[in-house]
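Trainee: Each chain is listed here by its residues.
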Amino acid sequence: MARVELRHISKRYTSVQALDDVDLAIESGEFFTLLGPSGCGKTTLLRTVAGFIRQDSGEMWVGGQRIDDTPAYRRNIGLVFQDYAIFPHMTVGDNVAFGLKNRRRPRQEIAERVTRALDLVRLGGHAARLPHQLSGGQQQRVGLARAVVIEPQILLMDEPLSNLDAKLRIELRDDIRDLQHSLGITTIYVTHDQEEALVISDRICVMQGGRVHQVGTPWQIYSHPATLFVAAFVGAMNVVEDLPVGTGGGLSLGASPRSMPVLAGRDRVTLAIRLEDMSLSAPGDFARDDVLALDGTVDKVSFAGREAFYRVRLDQGSMIQAHVHRPERRLLEQTGARLRLILPIERLHLFDPATGLRIESN
Amino acid sequence: MMRRLRLDFWSGVLVFAFVVIAVLMAWPLYSIFVASVTDNRSGAMTIGNFAQILGHPAYRGAVFNSLIVGTGGMLGAMLIGIPLAVLTTRFVIAGRDILATLAVLALVSPPFIGAYAWIMMLGSNGWMRAWLEGAGIALPPIYGLFGILLVFSLKFYPFVYLMTASALGSISPSVEEAAESLGAGPWRRFFKVTLPLVFPAVSSGALLAFVLSIADFGTPSIVGGGVRLLATTAFDLFTAEMGGNPGLASATSVVLIAICMVVVVLQRWAVRRRDIAGSLVRRPTPQRLRPYAAIVAHGVCYAIVLAGSLPSLVVIYTSFRKTSGPVFHPGFSVDSYTKILGEVPHVIANSFTYSTAAVALIVILGTLIGYLLVRRETLASATLDNLLLIPYIVPGVVMGLAFVVTFNVPPLQITGTAAIIVLMLFIRRLPYAVRSSASILKQIKGGIEEAAISLGASPARAFAKVTLPLMLPGIVAGALMSFITAINELSSSLILYVGRTMTMPVRIYLSVLDGQFGTASALSTILLAATGLAVFVVFRISDKKESAFV
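Sequences listed follow chains A and B, in order.
Taking numbering that gives the first Met the number 0 as reference, the numbering of the first sequence is continuous, increasing by one, and the terminal residue is 361.
Taking numbering that gives the first Met the number 0 as reference, the numbering of the second sequence is continuous, increasing by one, and the terminal residue is 549.
Worth flagging that the hints you see were computed from the coordinates, not collected in a lab.
Hints may contain errors.
Unchecked claim - Just a sample of chain B residues kept apart from chain A, beta carbon distances all over 10 angstroms, derived:
id, residue
1, Pro172
2, Leu360
3, Glu376
4, Asn407
What the hints assert, rightly or not - Straight-line C-alpha distance at most 25 angstroms; calculated SDA-like pairs for lysine to any residue:
id, chain 1, residue 1, chain 2, residue 2
5, B, Lys444, A, Asn162
6, A, Lys166, A, Ser181
7, A, Lys100, B, Leu471
Backbone N, C-alpha and C define an ideal beta-carbon position, used for all residues, glycine too.
Required output: the full structure, derived from the provided sequences and hints.
Mentor: Rendered as structure tokens:
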């Protein structure tokens, strides 16, 4: 258990800035997730913390101690790999015992701790098996037991679930979260799966191009994305890019022009709204001040059981997606129909088209 | 890791590897090159040696003949190897594992054994010639180009066969079925789809056959009947009784290397952008042939493989015949063995000692360099990788000459010692060990070692506890294959040996030239037994089996 501070970490490869001044503080016992598309720098950052990559500049502090010059094998950091990295020539028990043997613990203690760790990941009684006799999910449990048995200061996980099928992924995801809670171990978790990140994390750090876009709780990330990139990457979002803004923040989009004070003094704005934040209504309905009303034609309806997705071609030209919870049958037969989309203004996300930064209303 | 030069264990290995290559490869080859452009008497720089090779009909003939032998050996190997590969992978052939094993045995047996066994069969007094003439079939004389090409084709076809068969086995049947569904008949499908897919493998096998044919020294000097080739010319020029001609010998060597390089470059160019990595969902299933076709197919396969193994069988048989000098008597005996054990026990001991010593060096440095190439990718290790391609294309005769030119004067005067032979075997075979250890490592995920390090193992301990145990079967297989090639090495040893340091292949070669077939056969049988045993062990520990040998 330890607080982790990453201070202004940068790493450059010949042509790519892999990490660009990453500055993060991770609280003791926190489940902290690095989220981003492939190539965003999240794995580079994780491997830098683990000690396999040396940053060009910046400092790393764990539990009040600077670790930059500590070699990887002296860092006392648990690591869980995407491809499990189980030693194929050792039994499950020997895999889990490996770290304790490196630390020269007494034989009796090793045996007890290995048994406890395997029980913890629900693999009690599998100690004598060889890795190839285990399923992928079981192998990753061994990887987890092997990483936590050394009681590391921090636990690093590099997309540990991405090689598993959907059902196992959800099961092991919950197990990882429970295990982390009960051990109270500071954890840095890397994933590109935004839903996984939302479910599992205390806080999420969204990265792109080696830069941190936003750090926040899952709620903050989802409902107040700090940049257009975060808005588009986490959850599904409709984006209407680069709209002209009239004098005094006037927005001439859709049936009724609205004036938004927050936009006063700006030329252009990018609008975004979540699929589920819109509602459908008949043309001509609604003329309230707190909504935007956009007219269009239904282009396609996709039924997915408990929900349906509407693709609507707006009269203004762009396509927009809307999400309908528990759709009724009659709604599904409306391809070609005219309708009006209602966008509550308080649910709109506004971004500066030039910088991609959120425009806050206060 | 790439950020700065760190003076750890692996940087030490890298530096050591460069030193070894500089001393044992770059320096000797540089010496040969310098000698090739130096006038023997005045010591001045000249292109006279090369002018003489192009100008003098005898030397020009050697270049021409070498090209014929290389091309002919290659085509012969393809002509035999490709049909065998197609038949054994596409159709049900009984005992195909036996065929593959016999092909491997033919491959690893020393080439000059084939040469003199064929003389015993088809030479002017050969029993097979007598037998065929009795049946009214007159054969062309075995001595000369025909004999050389016969021996090379039957000796080197396994390269083409094993590589092609392994490539054919990894073509997804869906690809061929797709061709068929698009209207391609069997022949069109084979030439338009299957063959292009295995072309990289076929051409690698063919390349090996070419380079080995052109580099081989024993076969043409035994069965060549005076045909001049570059390899034999270089040897003769260098060892001539009345003061050799080192300048011309070196120039001949340089031409030999140049030809091999051109061919390697051509092959690389031909297979560029041909790295076909298919995902294999299904494996091809061999089809059952109709009865008469099956008989023909079996006949062809077994005839090829038996012809390839015939020399070894003849040699073993001959070693147990009663003999006095060059004359064979009716009946069997172990006289030949008694004779060699009495007369040349040190030769047998030398062969095993030198090969074992060379293999020990090869395994240690080869494993470490292989690790460097795969796990510590840097500009320096990539350079090392490219440098290690050189021994593949430098014929043994040339390397032997280069060693003599370089190491018979201070600072490193080691000609006539056992060390020079061991070092020669070491540098010639090091690249093979590096390549095999690199390919094993590529199959071991890098994360495994990082896992060990994150659990508190130092890099050295992680290597020893995790990586090394996983590499071990591959290392042992690689070591045995190095042993096989080391103990059968003739051409370079023939240049480097003195009486004390004579090895079995050298003794066999000299006995054959003396007509002492009994002694030669007994020594050859010992070589074959050692080789066969090593092959057996490789088969037991390697899951890739035959393909491990190419």
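Trainee: Would you mind marking each hint as holding or not holding in the structure?
Mentor: Status of each hint after checking the structure:
1. Pro172: 27 angstroms, holds
2. Leu360: At about 26 angstroms from chain A, leucine 360 of chain B clears the 10 angstroms cut-off, so the statement holds.
3. Glu376: 13 angstroms, holds
4. Asn407: 47 angstroms, holds
5. B:Lys444 x A:Asn162: The given pair, whose Cα atoms are some 15 angstroms apart, holds under the 25 angstroms limit.
6. A:Lys166 x A:Ser181: Roughly 23 angstroms separates the two Cα atoms, so the pair holds.
7. A:Lys100 x B:Leu471: 22 angstroms, holds
In the structure shown, no violation is registered for any of the earlier numbered hints.
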